[in-house]
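Trainee: Just so you know, the sequences run in chain order A and B.
Here the first sequence is numbered in the numbering used here, starting from 1 and rising by one per residue.
Here the second sequence is numbered in the numbering used here, starting from 1 and rising by one per residue.
These aren't lab readings, by the way, just hints derived from the structure by calculation.
Some hints here could point you the wrong way.
[To be verified] Okay, derived cross-link-like pairs now, SDA-like style, lysine to any residue, Cα gap no bigger than 25 angstroms in a straight line:
| id | chain 1 | residue 1 | chain 2 | residue 2 |
| --- | --- | --- | --- | --- |
| 1 | A | Lys154 | A | Lys87 |
| 2 | A | Lys154 | B | His282 |
| 3 | B | Lys293 | A | Leu149 |
| 4 | A | Lys293 | B | Ser23 |
| 5 | A | Lys293 | B | Lys293 |
| 6 | A | Lys294 | B | His282 |
| 7 | A | Lys92 | A | Leu149 |
| 8 | A | Lys87 | A | Ser25 |
| 9 | A | Lys294 | B | Asn17 |
[Unchecked claim] Some chain B residues flagged as far from chain A (calculated, every beta-carbon gap over 10 angstroms):
| id | residue |
| --- | --- |
| 10 | Asn79 |
| 11 | Lys92 |
| 12 | Ala209 |
| 13 | Arg287 |
These numbers were taken from a predicted model, which means no experiment stands behind them.
Heads up, the beta-carbon is just placed ideally off N, CA and C, and yes, glycines get one too.
Protein chains: 2
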Amino acid sequence: MERIVINDVGPRDGLQNDPTAVSPSDRIRLINALVDAGIAAVEAASFVSPRAVPKMAGAHDVFAGLDLARADFSALIPNRKGYELAKAAGAKSVGVVLSATETMNQKNINMSLDKATDVCREVLQQAVLDGLTARAYVAVAVECPYEGLVSPEKIEQLSEIMFASGASEVIIADTIGAANPAQVASLFSRLVSQFGAARLSAHFHDTRAMALANAWQAVQCGIRKLDASIGGLGGCPFAPGAAGNLATEDLVFMLEQSGYETGVDMNRLLSAVELAETLVQHPVGGRALAYLKKQAA
Amino acid sequence: MERIVINDVGPRDGLQNDPTAVSPSDRIRLINALVDAGIAAVEAASFVSPRAVPKMAGAHDVFAGLDLARADFSALIPNRKGYELAKAAGAKSVGVVLSATETMNQKNINMSLDKATDVCREVLQQAVLDGLTARAYVAVAVECPYEGLVSPEKIEQLSEIMFASGASEVIIADTIGAANPAQVASLFSRLVSQFGAARLSAHFHDTRAMALANAWQAVQCGIRKLDASIGGLGGCPFAPGAAGNLATEDLVFMLEQSGYETGVDMNRLLSAVELAETLVQHPVGGRALAYLKKQAA
């Protein structure tokens with residue numbers, strides 16, 4: 001059986017976008033529950049300004065409270081200062097975020113795309129010098145809420161810069177959940193042929209209910225590492241569980257059923273979903289959760 | 001753009017499995033709403049015994065109330081008697097159902113697989129003689145609730161018999177929603193290479209939330225005709241919309257977004273979802289419905 005690695009972004013991308021604030025100690029509990037379930041990689045925290053993103057306050061405490069040998073815990077890094085804080089907190093793996101369009105960078109971080117690219121380049125180079133694992137997200141990689149469709153050429157070009165700056169992995173992120181599987185096929189085929197599947201990862205949101213189909217298509221293109229979020233944590237503007245990140249339990253279930261090995265124990269993963277629900281105090285869960293719970297009962 | 005034909009089975013497979021009984025005149029309203037939305041094929045009724053399946057009573061009235069020139073309206077046929085009733089009602093297209101396992105046939109219709117195959121063969125041959133369009137479902141084509149996994153060899157063999165008996169099309173049905181996209185890839189690749197994609201159709205249920213991924217994979221194998229059910233009608237043992245047939249609106253949305261032409265107008269399709277909800281008096285809708293409604297608003 002072929003192995004597929006799941007990177008659970010629930011404790012960061014998920015909780016950052018949830019209406020409920022969750023304390024660092026509770027975020028540690030959730031992260032440990034994911035590792036207990038066999039999840040090998042977790043996006044544990046984001047070293048952003050606690051004034052700008054209060055929900056991610058306490059990132060240092062989160063890293064201080066983790067047994068860093070247990071899994072691949074990564075820290076999301078917005079800039080050089082965040083990098084220094086992450087390094088000081090003991091993070092061994094950092095991820096920078098580069099949005100693929102001019103307007104998204106202007107609106108989001110008040111920088112030009114060129115400037116944002118430079119910041120990512122510098123942080124990646126420093127992380128490599130410091131002996132950390134350096135990763136890069138290329139965000140709004142299919143469609144931007146301001147500029148619309150993003151060209152695969154642009155994504156290839158930005159990925160190339162991130163690799164050249166020292167990124168060991170580039171995560172292609174459909175940040176707003178706008179991708180369809182035809183776009184995934186064409187974008188990932190191109191990137192895999194250019195960079196090789198082993199250095200690429202995929203990140204999907206389920207806004208349009210296509211996240212599983214997109215994940216399947218990415219796997220068909222050779223991708224063997226995917227982001228997902230426990231319980232689909234990560235914002236539910238329309239209905240619980242309907243628009244957040246691709247839910248970890250949905251992805252694990254599809255992959256295991258399809259003959260791939262994820263290393264994840266589904267019963268323990270469902271316990272992590274329950275814990276997530278307790279922490280955010282509202283229903284969570286992916287598309288298959290009702291079925292999975294019934295099977296487990 | 002390549003065309004993909006959607007056969008809406010909501011008025012039959014959907015309503016037959018819904019807790020609410022819907023009158024023939026209301027079923028006609030729903031069918032017409034689907035055709036108004038651009039759906040080119042509808043499974044309109046089942047000519048079964050009204051004692052055995054009270055929800056499908058009035059199949060004759062349904063066909064009598066339709067303008068048969070407007071779309072490809074098919075009748076589901078369990079046996080020779082049902083065939084005669086469908087023909088008398090004016091149906092121009094009939095579909096027989098052959099479950100792929102011995103136990104499913106015994107439990108469902110108290111026949112051996114051999115006997116059920118003979119009945120299907122006779123009805124198909126008669127339909128061809130009578131100048132009707134003859135189709136065959138091969139049901140539980142991936143997994144049987146009694147016998148477990150079903151071999152692709154068996155599905156190929158039964159499909160071959162159905163084609164040899166005059167079926168112009170064989171619909172491969174994951175009746176219990178147990179298929180994963182890896183199984184879909186292997187089964188449909190095999191069948192397409194044996195029989196050609198133009199004579200095959202696919203029918204998925206969303207029990208495990210993989211229906212869209214499975215549909216996408218079937219399309220990748222060359223399939224250009226799929227069943228779906230308006231609003232995901234067709235039984236929701238766990239949660240509304242979570243376990244029925246693949247919802248027509250989800251499938252149309254994914255295919256149109258992916259660059260295929262379905263001929264369906266999404267706003268009118270959403271009106272049909274609303275009508276379906278009114279008729280069954282409980283929430284219906286596929287995985288993407290909340291998003292689609294918001295977009296339409």
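Trainee: Hints first: check each against the structure and report whether it holds.
Mentor: A quick look at each hint next to the structure:
1. A:Lys154 x A:Lys87: Measuring from Cα to Cα gives roughly 30 angstroms; hence the hint is violated.
2. A:Lys154 x B:His282: violated (46 angstroms)
3. B:Lys293 x A:Leu149: Roughly 22 angstroms separates the two Cα atoms, so the pair holds.
4. A:Lys293 x B:Ser23: Violated, at roughly 35 angstroms.
5. A:Lys293 x B:Lys293: violated (28 angstroms)
6. A:Lys294 x B:His282: Distance of about 22 angstroms is within 25 angstroms: holds.
7. A:Lys92 x A:Leu149: violated (34 angstroms)
8. A:Lys87 x A:Ser25: holds (20 angstroms)
9. A:Lys294 x B:Asn17: OK: Lys294 of chain A and Asn17 of chain B at ~20 angstroms, within 25 angstroms.
10. Asn79: Asn79 of chain B clear of chain A: closest Cβ-Cβ about 33 angstroms, beyond 10 angstroms.
11. Lys92: Since the minimum Cβ distance to chain A is about 34 angstroms, Lys92 of chain B lies beyond 10 angstroms and the statement holds.
12. Ala209: Per Cβ check, Ala209 of chain B is inside 10 angstroms of chain A; nearest 4 angstroms; violated.
13. Arg287: violated (4 angstroms)
In the structure shown, a violation is registered for the earlier hints numbered 1, 2, 4, 5, 7, 12, 13, in ascending order.
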